[in-house]
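A.B. asks: Residue-level listing of the chains:
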Amino acid sequence: MVTLTIDGRTVQAEEGAMALDVAQEKGIYIPTLCAHESVTPYGACRLCLVEVKTAAGRERLVTSCLYPVEEGLEVITNSERILRNRQTIIDLLLARCPESTVIQDMARELGVEKSSYHPEDHGNCILCALCVRACQEVVGVSAISLVNRGVEREMAIPFFDDSTACIACGSCSYICPTSAITMEDSGGVRTIRMPNNETEFEMVPCKVCGNYWMPRKQVDYISRTKGIEPEFFDLCTTCRD
Amino acid sequence: MTIDAEQIRDKVGSVLDKYQRDKGMLVSILQDTQAALGYLARESLLEVSAGLEVPLSQVYSVASFFRAFSLKPRGRHLIDVCLGTACHVRGAVGILEAIERETGIKSGDTSEDMRFSLETVNCVGACALGPIVIVDGKYEGEMKIDRVKPLLASYD
Chain F
1 MVTLTIDGRT
11 VQAEEGAMAL
21 DVAQEKGIYI
31 PTLCAHESVT
41 PYGACRLCLV
51 EVKTAAGRER
61 LVTSCLYPVE
71 EGLEVITNSE
81 RILRNRQTII
91 DLLLARCPES
101 TVIQDMAREL
111 GVEKSSYHPE
121 DHGNCILCAL
131 CVRACQEVVG
141 VSAISLVNRG
151 VEREMAIPFF
161 DDSTACIACG
171 SCSYICPTSA
181 ITMEDSGGVR
191 TIRMPNNETE
201 FEMVPCKVCG
211 NYWMPRKQVD
221 YISRTKGIEP
231 EFFDLCTTCR
241 D
Chain Y
1001 MTIDAEQIRD
1011 KVGSVLDKYQ
1021 RDKGMLVSIL
1031 QDTQAALGYL
1041 ARESLLEVSA
1051 GLEVPLSQVY
1061 SVASFFRAFS
1071 LKPRGRHLID
1081 VCLGTACHVR
1091 GAVGILEAIE
1101 RETGIKSGDT
1111 SEDMRFSLET
1121 VNCVGACALG
1131 PIVIVDGKYE
1141 GEMKIDRVKP
1151 LLASYD
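Chains as they are written, first to last, in this note's numbering: chain F, 1 to 241; chain Y, 1001 to 1156.
The shape of chain F in the complex, shown without the other chains (with noise of 0.2 angstroms):
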């Protein structure tokens, strides 16, 4: 155990913990858009910015999900510096996704109310990899990458057009921060609309009721790396006792 101040107050913590995770669990709160506890942190929003002074004095401004917490660490979320370097990170997330509710409140919420750069729509997706990280490690199937790079940089299946590892399961859609991918379920059909490609899939219905539950693609994927017999995956969480 290491202890540290957050804006003043003296705390506890894991040595190596990262510096969001101990503010949250202190119950101080930091923006961010990209960081989930169900994945490692990536640092792309930069919106989690924290100014830190170590114990040997040296002092700087760290995206503070990537930022492990050490003995005499100072961490100070909010001044108006931070608040400054948030409100330039916000304007162009703003501009980048102007139609994006979550950026719109962020923002409102940052007191940035209309983007000071020449917005450009590029969809919702802020390219936090997320998705990526969900897929990849929740998952386990990566179907999803980050592609190309710079200005064209994307979330994509591989070649725009190949889901064959995907198994429809919907955490990208779930985790996704800003809504960039959606998910649809119809008529024994679902539909995983990403910036670049939409997708369908079968589903399977339940054998008592007869809603469609679950993707075919995900029950063969269940029952063939976990040794579950498909047969388990006849009934749906409601029909069983």
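I should point out that these hints are in silico values taken from the structure, not numbers from a laboratory.
Calculated cross-link-like contacts (lysine to any residue; reagent style SDA-like; alpha-carbon spacing at most 20 angstroms):
hint	chain 1	residue 1	chain 2	residue 2
1	Y	1072	F	149
2	Y	1072	F	162
3	Y	1023	F	140
4	Y	1023	F	136
5	Y	1072	F	153
6	Y	1072	F	159
7	Y	1144	Y	1097
8	Y	1072	F	154
9	Y	1072	Y	1107
Have a look at the derived ranges for each label pair, beta carbon to beta carbon:
hint	chain 1	residue 1	chain 2	residue 2	range
10	F	120	Y	1122	23 to 29 angstroms
11	Y	1127	F	40	39 to 45 angstroms
12	Y	1067	F	228	43 to 49 angstroms
13	Y	1126	F	80	44 to 50 angstroms
Since this is a predicted model, take the numbers as computed values, not measurements.
No residue lacks a Cβ here, since even glycine has one placed at the ideal position from N, Cα and C.
Starting from the structure of chain F, add chain Y where the hints point.
C.D. replies: Leaving out everything else, chain Y in the frame of chain F:
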């Protein structure tokens, strides 16, 4: 130049063996695959993914990230035009435009007859020779617009 599936399996297989199917050598494996087959065909990436047991999405992510990799077939001759600062101030943009006019293709493209592929680079470390054009690895220094036509004519 189209390559058949068997050829791809052979070449990619021997590249994979050379690197003992080490996942960490992905970039080197892609480089050698491209050197052997001219470009990174979709089937090549599928073979690399299966051979290394690395998800296709990650192979595609790496292959599409680096400018040195081409996912499209490339022409018989590769023209690199340096647009680094020194070449730029010495008129590289004019040279590039002359090459684009002469070949009828834009930077990043390949001519329909598969004769030339055209790319730009940002400095090749030979600034004293600028503006510089590299055709198939051969450096042509102090390029002039009126030298473009004869230079290209010497490649069939």
